Every structure is written in structure tokens, then in C-alpha cells.
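> This is what each chain is made of:
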Amino acid sequence: MANEIVLEMKHIMKIYSNGVVANEDVSLELDKGEIHALLGENGAGKSTLMKVLFGIETPDEGQIIMNGQEVTIKSPQDAISKGIGMVHQHFMLVPSLTVAENIILGVEPKKGVFIDMKKAVDEARKIAEKYNFDLDVTAKVEEIPVGIKQKVEILKALYRGADILILDEPTAVLTPQETDELFIQLEKLRKDGHTIIFISHKLDEIKKICNRATIMRNGKSMGTYNVSEISTDDMSKLMVGRDVVLKFEKKPIELKNVMMKVRDLTVYNSQGVLKVDSLSFDIKGGEILGIAGVEGNGQSELIDTLTGINKKYTGEVDIKGEDTRKKSIHDIRNLKLAHIPEDRMVSGCASNLNILENMFSNQYQQPDYSGKVMLKGKVIQKRSEDLIKEYLVKCNSYKQNVGMLSGGNIQKVIVAREFSTGPDIIIANQPTRGIDVGAASFIRQRLLEFRDAGCAVLLISADLNEIFSLSDRLAVMYKGKFSGLFTDVGQVSEETLGQYMLGLKHDEELGGVIYE
Amino acid sequence: MWNSLLTPEFYNSILRATTPILFATLASGVAAKSGICNMALEGILLFSALFGVIFSSVTHSFLLGILLTMVVGGCIGLFMAFFILNMKTDEILAAIAINLIATGGTVLLLLAFSGDRGSSTSITNVSAPVLVIPFIQDIPFIGKILSGQNVLTYLALIMVVVMHLFIYKTPLGLKIRAVGENKNAAESVGISSRKIQYISLVLSGVLCSLGGYFLSGGYMNMFTKDMSAGKGFIALAASSMGGDTPIGGFLVSMLFGAAQAFANMMQLTTIPVELIQMIPYLTTLIGLAIFSYIVMKRKAKLSGK
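From first to last, the protein sequence lines stand for chains A and B.
Mapping the first sequence onto our numbering, position 108 (from 1) lands on 108, and the numbers just tick up by one.
Mapping the second sequence onto our numbering, position 167 (from 1) lands on 167, and the numbers just tick up by one.
Bound conformation, chain B alone (with noise of 0.2 Å):
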């Protein structure tokens, strides 16, 4: 088995595990550089990956398909903008609220499209199509890692640098980074705290909807319930623990991919599978613990000269 580490298949698979974390991870970054936690990234994954497969399927169109939920991505933003902004609900409670409602609303629109509380079988969705590179496939080894993934995952990947330009060389990132550091300082200068906040949670929304899709249609080819399992939450750590910056974030989510994609691999084996389901958890958890002690070091170590 662990022959299988070093085959190319394991690092495209990496690459395929990492893509839903990684989207998740830069919504999550976005949002906290605002100064909102945006905890509801599971929720929307949920519900992404659940109208991803309603809207491709009823579109019959890939490019619609995904549009629309990057739309649904962006509603459900704005929606959680408005409570914690303009209602001033706890952000922490509109997350859960939201995350309560895609575990059970899913399970129910499931049922009301496809007859069926599990998954989607019934319904033929279009999944994101998968793209050869000519050239670089024939590189070998690497070829057969980076030529042959979805066309989200390179889009996840494209979106790494996206958004380290849009937050360190934009006007819009500065007055983003500005308003999450010193909201009195932002608002002294003529900023809206609230618009950019507003912009900010839809655009954390858009962005985690891609992973949703890339769930049901990509990872996976259907809609099943829960199929989200804790990848938002995942994500959140993976923000944080990456200083919520994009580039961070990617380091960190490629290693909980790598768990992922490790325990997928494992399941192949005798170990039994309930254990090692719990690989990504731990890593992300045992990841946590080092990080923060990380932090108390540097922190130790500053303010003791």
C-alpha cells in the first residue's frame, strides 16, 4: 500500500481533495480579512453542492449550472450580511442558524426534486468537465498530476492568485483589509464598514459555492446528504490557521487535502474505515494544536523581547 504514496495517482488525488477546502479556505479568508468569521461556509457547501446538481440538471448546461450557484452562494452571503450588519444578530448564531437549515432544508428539496432523501441519483446532473493540457500531460510523473483535473480545480488554483492580487493590490482589498483591522479608522477616511462587509460576505458566499459545486459535480457526481462532512468547518481552520491570507490558506488546505486524500486511499485497506474516516479531522485538529502553540511561542517571544 505504501507503494501507492509515491505513484502520481495519490498527487492528482491530493490536488482533487484539496479543491473543495481550498475554495472554502479563500471564502473563509475573504471574509475573516473584513473581520467577520464566516462560519456558515459548511452550510453553503451544502446547499451549493445540492443546487449545483438541481440547476445543472434543469439547465442541462455546465456553465449555467454553475452560474446560478455561484448566485445561491452569493444570496446566502448577503442574506447572513443582513443579519449580522443590519439585524445584529451574533455572527457566530447566523452561522448556525444557516448550517442547521442546509443540513435539514437539502434533505428536503432533495426529496421534492428527485423523490429521494439520500441522494440524487434520479436526477442526471452535468458534472464540471475534466481538461487534458496538452504538453504538460506528457511531462512525465508531473504530467499525470497537474494535466487531467477538473476545470474547477485549476479555477480554485487560478483563484489562489486572484485573490492575493484583489486583497494586497486592489483599492477594494486595502478598504477590506482596513475595515476588518480598524472599522473607527476606515469609517474616519469615509469608508462604509457595512458596504465592504456586505461585498465582502457575498463575495466569501460566491466563492465557497464553487467548492459546493465541485462536491456533487466533480468529486462526486451526485448530490448525497451531508456530502459537505465538516469540509467548511475544515476550511475555517485551514483560513486561520494559513493567517487568513490566500496563499497561506492554500498551503495549509493542500496538507488537509492530503489527509483526505490519504484516507481515501486507506480504505482500501483492513484498517476499519470508521477509523480512518477520522483522518482529516485529526490532522486538522492535531494541525490547530501546533499552530496555536506556534502562535504562543512568537507571541511569548515578542512581548519577552
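Bound conformation, chain A alone (with noise of 0.2 Å):
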């Protein structure tokens, strides 16, 4: 088949108001009639990289070529009339509209004043059969299983003249049946002169459908290769991997009693999936423990239920000694547990709040800053300037709304909260993300600090550096299991680790995840 490029994007751009680079000369060759996958770990940019494709984001930089001709794509609207569709994670559909509603809603056949229901019914059956989808147009969307909304949402840009489909990670949401069936659609698009691509970061199914793949990591590329000629062990390489080494100076362990210990931990979620499968591991005073693993592979459940926030488990969570499965998440952090949660903006602060206010939500019933009924104003306001000041928050005073700092400061704030309770227990989950790197190394200094004097650190990050420079011991999270644990974490190369991650490689015997 000759090649004709149907898609260009040059040299492509992207950085958000908040300073974030999400793209950086970021460039990507579409075939007509290729599954070009797009790969890279959550944060990577592929999702910009999309944005700017759909019209969402509008790049800073770069050029988009579509047929030989340079084109600017300002709205969603503008790429469908293009001919480009998407097919988002988090499905557009109308529950309680039919297929066929959906599928013509914003582009209905007219009768007179009302909508032609049979041509819109006759022509969603239309397309539904040219393309072998075998659904009911006349089923309510809200009735109808997740496969089938997914195939809806393919036809729905299909019905709107879409040449390139975008597919934005397809198979998080099926069972392996119907994933099957949707490579087997997609192989039909791809004959039938459709190109497609292929949000993802499973390398097996990359394999298995994908003619070409473009990897992405950190908002760069890291070059377009055909999927037959590279193995999965490299994709792994290009797509995990650390730019800079970071150095830190890290005293020699002095390991103290066990903090923590997990037992069997089971945890399904609400939709009742296996997040967390029968997990044990211990962590003991003066060391650092760390998580890697892809987002979703139990990582938030987890933390859940070790901070006590998730309550439906089976097994044993123990704080130093003390079963914690009838303590609220106050008892608990009476135990001196830390908590620095995953999304600071959700569950980190209270953003319309000031940062007094933050800084104290874990500790104003505590005698040196509450009397028995009102705060002690005098003493709260000095500790929470000190602070300011011990942690270098960037702000005009304590008076300043959290909101208003930047995400490096907010994690400041909240690490400040709960640094200056003096814990023996610190669960930090991705405690740097997003924030520039001053913050981030004042931040992993701390962690390293707390561990020097004695406290228990468990560290879940998606930054390699920063696992592989804190943590005494490494552990890799897949599918709600540890698929890997290491003691040795200066011998263990980013390839092997990214192999982990991915699920290429697991050790049925973990040595050293427990204590005994």
C-alpha cells in the first residue's frame, strides 16, 4: 500500500498557563489506513497532544497539515468538519436518548418543522450494518452495556463523516471480550480507508493492532516506529524512563520497630472490580518505602484503606500494633499517621479557605491551640507564620486563600500541615506532581529527613526519580499485586522497572516485603 499521509503534526507546542509543558516540538505522521498508536504513561501528553488535535487546546507552536495543506483547527466542531472524530474516555451520550437520537443529535434529518425519526432510524441502521456493528438503534442508551455505548460513540463520529478516528485509551472500559470484538471492528475501519489512533499504554494490545506507534514521554516524543520491528521490551524502555538522575545524599539505614503491617488486603471497589489483591507487606521506622506502578493499579484503593478513608476490605491493616479496622481516619491520625493525598486540589485543601486555616484543620483541637471553646488566635497565627516561613511558602500572608498559590506552594502548605504534627507514619502519594522543581526537591528533602530521624515513609509516585532516589525499598503495583519487589534498589534499571510496570515481567515469590 503507498503510503499517503493523510495527517501532519509539526513541531507541536503546548504549555499551560500554569507553566506545566505539556508538549514540547512534539510531532506525529498519520498514514491513511494505519492503527497508529499513541503511547506514553498518564501525564506523558498524549492527551494534549489530542486536545490540540480536536480543537480543545490550541498549540503555542507548530503546524497541523491535513491533505498536503496547513490548517488551523479552532473548535471540536471545526475538527468534525474535517473529518475528524474522537472518542472520548468518558463517553458524550444522553442516557435516556435512543441510539439513534444520539447518534444524529446536532445534525437531524428534518420533516417539516420535526425530526424525520424513520430516516434517523434508517440511517443509524445504515451505518450501524456497513460497518458489521450489531446494535439495537432503538434502545435507550441508558439500557445498553458499556461495549455497546462505546461502539455507539465510534458510530455517532462515523455518522458525522469522520476519515480519522481518535480513540482515547478504548479498552480501559471493556472486558476482554469485547475488546476483542472492538480490534475487530477497528481492523474493518482500518480496511475500509479509515485511519485510527489508538490511545494507550498496554503494549500487548499496541501489538496486536496497531501497525505504527509514536511514544511519547514527559511531553516529548520519543520517535514513531513500526510496531513489528520494535519489541515490547523496547516500547517499555521509550515509553518509562528518567531524563535527569536526581542525587541525593542519603544517610545508611537504621531500621527501627514495624509501623505498619498489611495483611491479605483485599479491596474491590464500588463498581466491585479487584483493585487491591490480597496484598501483604510491612514498613518499619527509618525507611522509605516506594510504590511505582501505571495509574489504576490499585494505588488510590490502597491508600484509601490504609488512611482509613476506605472502610470495605478484607484483611489486616495494623499501625503500630494497633488494628486500625474500628478507628475513624481521626483515631488513626492520632497514631501520628501523615497523609499527603494524591489530588491536593480535591482532598489536599480547602481552596477557598486561607492558609491559617489549611495548616490547622489536622491539629486545632489540640490544647496548645484550642482552649475549651474558642482558638487561641495569638499562638495558631504565630505557628502558622513559622511555618510559612520553615516551609517557604510563597504567599503575602497567612490570610492569603489557598486558591490563589500555585501547586507548588498549595503542596507546600499541605505538606507543612502534615509534616509539622511530628509523625512516625507518612503515606506520601505522589507528593511532587505538577509542581516545579525547587518545591519538589524541598519536598523529597523532608521525606528523606523524616526518615533520618526514625518515621515510616510510604512513597506512591509516577515520577521514576524521585522512586528511585528516596526509596530503601521498591516495590512495583500491577493489577492490585506487588509484581515486583527490590531491596537493592541502586542495582535495578529503569528497563527491568518499566517491565514491571507494565506487566511483562512478575515474581510469583516477593523476598523481603515482610518482616518476620
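These are computed hints drawn from the structure, not numbers from a lab.
Quick caveat, the model's predicted, so the values are computed rather than measured.
Note that the Cβ used here is the ideal one computed from N, Cα and C, for glycine as well.
Any given hint could be a false lead.
As the list claims (entries may be wrong) - In silico lysine-lysine, DSSO-like type, Cα no more than 30 Å apart, as pairs:
1. B:Lys169 <-> A:Lys140
2. B:Lys297 <-> A:Lys140
3. A:Lys126 <-> A:Lys208
4. A:Lys327 <-> A:Lys284
As the list claims (entries may be wrong) - So the derived list for chain B, only partly shown, Cβ under 7 Å to chain A, looks like this:
5. Glu9
6. Lys169
7. Ala178
8. Asn182
9. Asn184
Claimed, not checked - Beta-carbon label-pair distances, calculated as ranges:
10. A:Met404 <-> B:Ala300: 55 to 61 Å
11. B:Leu67 <-> A:Lys118: 51 to 57 Å
12. B:Ser192 <-> A:Ser270: 30 to 36 Å
13. B:His60 <-> A:Lys140: 24 to 30 Å
Dock the two chains into a complex; use the hints.
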């Protein structure tokens, strides 16, 4: 087949207003009739690149060339009219409408002032038949299963004349059978001359149906490869890896007592999906246990359970020898556990309260800061001013609303709050995500200081640099289990870690995960 | 007294009492379908009741009077849409503001136009005419119910069908439903949710103003202070109980209209009038309680399989 280039994105640069460089000189080239994988970890810049292509974001630099002509895509409507369709990860469907109504929404066939429903149903049926989509177009969307909903989304794009289809992690919500079915249909679409961009981080799927793959890491393109000519190992190496090696002065480890003991922990999420699968581990005072892994492999559920937010679990979680099942979050915190949550805006801070109020939200009840009825205003004020100085929070005063600060400074406020209680156990979930280098290094330094002082630290991070340079032991989480555990972190290569993270390798026996 | 429940006059009065509630219910329905709770119906009813009197007396015309009143209703809808959609005011707060402005504002305007604070007796307004339908009026019993109603009552019944067709059969109706249910989905296929919600709120205002005109130029022949008497809120309940559909809303508003008609009739008895005046509101309250009980049961059944 002659390679006819239908679309080129050249040197795309996108910097968000908060200073995050999401795309840096990224180029992408699509041949007509290929399934092109866009591969990368969460936050690698895949979504941003696709948002640029679909007209949701405007690039700061770079050009988009369609069929040999430079174009600007101003809005999703613009993209649709140029023959680009996108199937979002979260479906854009109206539940109470029928499949046919959803397909024709916005481009309804008319008969007088009314919708020509008969024609709509006919057309929807015709297009479904054309691509072998087996579905009832008169069924209501709320009554059909997820796999079918996705087909409706694809049909919606095809009905609007899409030649280029963007599928954003289409298999994330599908069962293996549904996935197989989807692949057959994608193959058919490809043969029909459609070009498909397949966003994923599942290597086996990419091997299965994609022709070429563009791999992204940290906002940069790591190149485009023919899938048949690159091994999954090489793909994982390109996808996972670090650009700069961080160096920290680390004192020799001095282990204390076991602070946290987890045995056979099993957690299902609210949809009944197994997220944590009979996990057991120990953490002693004076060490940092790092957990690496691609997001969504049970890390959030694990943390929610350890910190007492989630109470639906089987197994055992002991903190300092006490079973925490019957304990409230407050009780658990009173055992001197500090928690830096994953999403600072959702559960880390109250953005419309000021710095002082946020800094004391976990300790205002202490006799140091509160009398019988009233808070000790002056003491709290003095203490928060000290903390702002100590943690280098850049702000006008403690009266400033936390929401007004930059990401790094918000994180510092949260860290100051958590660390100022003098914790024995710190659970740090993505403590430096999306913040500037200075703030990140400051927070990492503090974590090491606490470790040296005999505190047990559990660190979950998507940042391999951070994980490598801080952890004393390093576990990799894959599908709710530890697929590997390394006690000699210095000896582990990025490639090996990547293979464990993506499920290419896993150890049945984990040595050294528990202390007995 | 119970005998009078069987007279055609009683059923005739049910239709009369239902008319303003029905208009407001349809108004609530179209706003709700687009995803906005239009709690300002009460204020719109009150304003349009007053402006109905003013415009019809100034123009000496029913048709001009009602058209101008519809413009007022539409403008209030537009005003509300501007605050909710452009200025990002909370929709409940915007509605409360409109309702409060209506309570005080109508009295102020009434004073300015008629020199009276309580009612518009000094102004001669033009009421909506009563229609006698040939042939139908000759049918025994039924004829006396269906014929001889106010022209706006007929219009309200027609509007039930029109609104049903509009919401379920036209492209705009489909867009309204799509926006109300999943804004992102609608936006993703190029529908401007803001535009659709503007249209829905203006339409809601216009529909509701017809009910307001009927209050002062049909149900009664003058404007009196606070004459909407909670009908806007009753309509909100009726629409919600009817699933915000025109047909469902119509059936429930008939029930509330019947309660109102029953209360009106009971006033002829020796029972204290204050107790009787509670009937329409009590009906609404009990209706809502039963309704949410049914919904709860249904949900429990669905989730429990």
C-alpha cells in the first residue's frame, strides 16, 4: 500500500498557563489506513496532543497539515467538519435518548418542523450495518452495556463523516471479549480507509492491532516505530525512563520497629472490580518504601484503605500494632500518621480557606491551639507564620486563600500541615506531582529527614526519578498486586522496572516484603 | 354539599382552576428539560398578572394585552438566563430575587398605575373571552364542562400537545433534552448549551406569563396583591411529579386544580375558611411525599434487581 500521508502535526508546543510544558516539539505523522498507537504514561502529553488535534486546545507553536494543506483547528466542531472524530474516554452520550437519537444529535434529518425519526433510525441502522456493528438503534442508551455505548460513540463519529478517528484509551472500560470485538471492528474500519489513532499504555494491545506507534514521555516524542519491528521491551524502555538522574545525600539506613503491617489486604471498588489483591507488606521506622506502577493499578484504593477513608476491605491493617479496622480517620491520625493525598485540590486542601485555616485543619483540637471554647488565635497565628517561613511558602500573608497560590506552594502548605504534627508514619501519594523543581526537591529533602529521624515512609509516585532516589525498598504494583520488590534499589535498571510496571514481568515470590 | 361534587359546574371549575397551574407547569417542564430549575415561576405569574391588567387597559385589546404580557414573561426569562448563564448566579438565588422583586414591585407598580395598594379595581382591564363551542355545548353534562371555558383554558390544553410535540419531535426539543441531561455530550457535537438554555428559559417565561394573564383576566377580573398565592411553586411540584413531561405535568396539575376547585367550593360551608384554604397546599405536600416514596421504591427495586 502506498503511504499516503493524511495528517501531519509538526513541532507542536503547548505550555499550559500554570507553566506545565505538556508538549515539547512533538511531531506526528499519520498514513492513510493505518492504526497508529500513541503510547505513553499518564501525564506524558498524549491527551494534550490529541486535544490540540481535536481543537480543544490551541498549540503555542507548530503546524497541522491535512492532506498537504496547513489548517488551523479552532474547535471540536471545526475538527468534526474536517473529518476528525474523537471517542472520549468518558462517553459523550445522553442516557435517556435512543441510540439513533444520540447518533443524529446536532445533525438531525428534518421533515417539516419535526425530526424525521424514521429516516434517522434508517440511517443509523444503515451505518451500523455497513461497519458490522451489531446493535439495536432504537434502544435507550441508559439500557445498553458499556461496550455497546462505545460502539455508539464510534458510529456517532462515522455518521459525521470522520476519516480520522481518535480513540482515547478505548479498552480501559471493556471486558476482554468486548476488546476482541472492538479490534475486529477497528481492523474493518482500517481496511475501509479510515485512519485510527489508538491511545493506550497497554503494550500487548498495541502489538496486536497497531501498525505504527509514536511513543511519548514527559511531553516529548520518543520517536515513531513500526510496531512489527520493535519489541515490547524496547517500547517500555522508551515509555518509562528518566531523563535526569536526581542525587540525594542519603544516610545509611537505621531500621526501627515495624510501624505498619498489612496482611492479605483485598479491596473491591464501588463497581465491584478487584483493585487490591491480597497484598501483604511491612514498613519499619527509618525506611522509605516506594511503590511504583502505572496509575489505576490499585494504588489509590490501597492508600484510601491504609488511611481509613475506605473501610470496605478484607485482611488486616495494623498501625503500631493496633488494628485500624474499627478506627476512624481521626483515630488513625492520632496514631501519628500523616497523609499527603494524591489530588491536592480535591482532598488536600480547602482552596477557598486561607493558609492558616488549612495548616490547622488537622490539629486545631489540640490543647496547644484550642481552649475549651475558643481557638487560641494568637498562638495559631504565630505558629502558621513560623511554618510559612520554615516551609518557604511564597505568599503575601497567612490570610491569603490557598486557592490563590501556585501548585507548588499549595503542596508546601499541605506538607507543612502534615509534617508539623511530628508524624511516625508518612503516607505520601504523588507528593511532588505537577509542581516546580524547587518545591519538589524541598519536599523530597524533608521526606529523607523524616526517614533519618526514624519515621516510616510509604511513597507512591509516578515519578521514577523520585522513586529511585528516595526509596530504600521499591515495590511495583500491577493489577492490585506487587509484581516485584527490590531491596537493592540502586541495582535496578529503568528497563527492568518498566517491564514490571507494564506487566511484562512479575515475580511469584517476593523476598523481603514482610519482616518476620 | 357533596351533591355539588357531581355537578358539571364543579368539573368546569376544575379546568378553570387548573389553567394557571398548567401554564406554569409546562413552563417549569421546558426549563427543567434543559437542566434548569425555574423557581421564578411565582414571580413571573405575579408580574404578568399585573402587566396583563395594565397592558389590556392601556391598549383596550385582549390580543395586544396578552402579546405584551408574553413579552414581559419572555423578558423575565431572559433576565434570569442572563444572570444564571452569563453572570453565573446560583439559579435558586436568581429565582428568589425575581420572586421578591415581584412581591414588592407589583405593589409599587400597582400604586403608580391605579393609586391603590391592594387591587386594580380602578383600572378597567380586558379579560380573555369565554368561548362557547357549538355542538359540544349541546352534549349533556360533558358539554357544560368543556364548552364555555375561557379561551386561555383551551389554549393551555392545546399547549400540552404542542409542548409534547415540541420537546419530543423537533430538533430543538431533542437539543433541549440533550443539554439538560448531558451538557458535555451536547457541546461535543456542536450544540451551544448556553443558547439552548437561553431559549428554554425565555420560552418558560412566555408560557408562564399566559398563566399570569389568566389569573387577572379570566380567573378574576382584576389584579390583587399576591394573587399568584403559591401557584408557581405548586406548578414546580406538579411538573416534577409528572417527570417534567408535558402530559405528566398536565395530569398532576389537574389533580392540584381539582384540589383548588374543591377548596373554592368548600368555602360555601361553615368550616373555617383558613382551614379550607390549606387544601391545595396540603394536596401538593401529600402528593410530593407519595411521589418521592414511589420513586424511592422504584429505585430500591432497580438497584436490588
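> Flag every earlier hint the structure violates by its number, smallest first.
5, 10, 11 and 13
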